[in-house]
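S.K.: Protein chains in written order, with the working numbering: chain D, 1 to 345; chain U, 1 to 176; chain W, 1 to 180.
Some chain D residues near chain W, calculated using beta-carbon distances under 7 Å:
| id | residue |
| --- | --- |
| 1 | TYR122 |
| 2 | PHE124 |
| 3 | SER128 |
| 4 | LEU129 |
| 5 | VAL131 |
| 6 | MET135 |
| 7 | TRP139 |
| 8 | ALA154 |
| 9 | ILE158 |
| 10 | LEU178 |
Here are the computed lysine-lysine pairs in the DSS-like style, where the Cα-Cα straight-line distance is at most 25 Å:
| id | chain 1 | residue 1 | chain 2 | residue 2 |
| --- | --- | --- | --- | --- |
| 11 | W | LYS172 | D | LYS322 |
| 12 | W | LYS35 | D | LYS75 |
| 13 | D | LYS344 | W | LYS143 |
| 14 | D | LYS33 | U | LYS31 |
| 15 | U | LYS43 | D | LYS33 |
| 16 | D | LYS33 | U | LYS44 |
Source of the hints: derived by calculation from the structure; they are not laboratory data. A virtual CB, placed ideally from N, CA and C, is assigned to each residue, including glycine.
Now for the letters of each chain:
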Amino acid sequence: MELAFLFEKLILVTVLFVLTLSIAAYSTWLERKVAAWLQDRVGPNRAGIFGLLQPLADGGKMFFKEEIIPSGSNKWLFIAGPSLALLVSFLGTAVIPFGQNIELFGKTVPLQVTDINVGILYIFGVVSLGVYGIMIGGWASNNKYSLMGAVRGASQNISYEIAMGLSIIALLLVTNTLSFKEIAEQQHSWHWNVIYQPLGFLIFIICAFAETNRVPFDLPECETELIGGYNTEYSAFKMGAYMFAEYINMFVSSAVMAVLYFGGYNYPGMDAVNSLLGPTWGPVIGVAVMFIKIIAFIFFFMWVRWTIPRFRYDQLMDLGWKILIPLAIANIVITAIVITVVDKL
Amino acid sequence: MLMESLSGRRKVLEQKPMNFWERIYLPAIFKGMGITFMHMFKKKETIRYPEEEREFSENWRGMHSLKRDEDGRERCTACGLCALSCPAEAITMISAEREKGEEHLYREEKYAAVYEINMLRCIFCGLCEEACPKEAIYLDGPIVPADYLRKDFIYGKDKLVEMPIDELEALKGAKV
Amino acid sequence: MRFNQKGNTVAYDMSLFYFVAFLTILFSLLVIFTKNPVYSVLSLIATFFTFTIHYILLNAQFLAVVNFIVYMGAIMVLFLFVLMLMNLNEETEPMKSNLIKIIGVIAGVTLLVTLVGSIHALQTTGVSATPNSEIGLVENLGKVLFSEFLLPFELSSLLLLSAMVGAVLLAKKDKRTNNG
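From just these sequences and the hints, can you work out the full model?
M.R.: In structure tokens form, the structure reads like this:
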């Protein structure tokens, strides 16, 4: 291993880590702002201009609150739950390409931590691991509501993983690769996959809502029925870790959707911009476009949250098993037939 | 059996089975999202409180003030009717006799040396206002501000009595 | 992985292998020795995770990720799910009779003898898959599966399908008795 390579990756990982954390922190701010805007309110506006220091204030509050570990709980697993949730949520960012190869100081640097050739499956695996944080935390709390939240989280994640996987299979028929980098490169300028896979995208985004436990699928932490679900017993920073994990998951799934279906860093007219700005500043515009897409998706997540009420649990299961899975299978069959016919012609 | 509608405004709603578009929910969801999106551009209802204040109604009851008469003397004679009428037991006072040379301070021969209202107990019903024979107490002040300690909510004469007229005039002059 | 395809990282790989192998054995022992079933399942999950690392070290990325998704992400979640609902713990565990213990020991020793015997009989001459083999990459694996091993592959999918149909049949309510 060359030292320079390690150094380059280390810098990239650090930047990505800080970026993910700050995006997650500001997602909490945006969430409250969007909620306020959609409800004709102003939202947080006291800490800094437009309340921009609110995440710092919230974080500080969470650090200094009293940590309570219930006496009947399983102490180690109670701590392991939120830690695991936070850890796993970070893993997903490793394979996402945030931009084209960029030329910096005479070196070509890929803006992706690692381009493994099973990138999509990796993301899929990490997402499926995310439920352990909820399950362990919910069980260790020794509280029936927490346990019910954990059980709901587990069965919901498993159910929607199937539909999500099937919708990805249809996408893979189009892309012929499992590598994120290649998928992003294929969608040059306006050839975004959402044009070829609208139904697949619809299924994917519904499943993404379910996998990140966002409204309308937030049954694991449903306040009205389960008084907070799996995080009922959590306080202070452990509660914050769960919240952070949720927002990081949202960021990762927004990035995945942007890359898989909305072209990632590609945008119409990128060739002209790239030749105009050169190999350093051209990709920077691409990165900016990527982040605009990610933030748009995050906004969409919030927009839906403040519009649609929560599903009932049987409706959730019906939607997952009886509607999304058959639809996804139909999508695969249709895609396969169309590809075969087009290839034959 | 349907009863006869007396008002004549009865509407019979029939529940039709949902058609295809209603059953897949997506059009309804997008419609709802359109509605919430339009709310982003509506006028915000928020009043940024300490800087902006909502207009109070005429019969608004806020913080109490102990009034002075036209010569700037305290009107209260410490009869205790307000304390007696108070349903929340929020008012207490200690009376004192007016000494010679204090005529310019107190209108009556007896006055309240200590007058305390516990703002945490007070329910702002206005019965003290009604009970007062001397028109000395009115609930015409602003909202009682928040504080950190319980003892700081027991308001004494320093907070309740109206400012003397000359000081008020001086303050007004400074403002202009 | 990028590092494995270079010759000069073999020593690095070997030390990593021994470390991961140690973890694998440690966690699998924990599966047996912990009293709390939930701890057992968690150790089993950790064991599967070390398997995933082993696959990556062997450059079998597809297998690694599938192991990760299917075993860690789905099957073990269900295990944990069921165990949490049963709420087993040390106090409720029934005392096992001596007869069962003796039977267990006999069964374990028999398995051990079989394993040792089979390893002895196998007489490995050398590792067939070199670390630089790229058969584990998803493209090559797919090509092999869909050409050379097409029939077994399809047969196994048939097996899965029949299992699925069976599960659906079991879960389905019997209309004649329930709707009476």
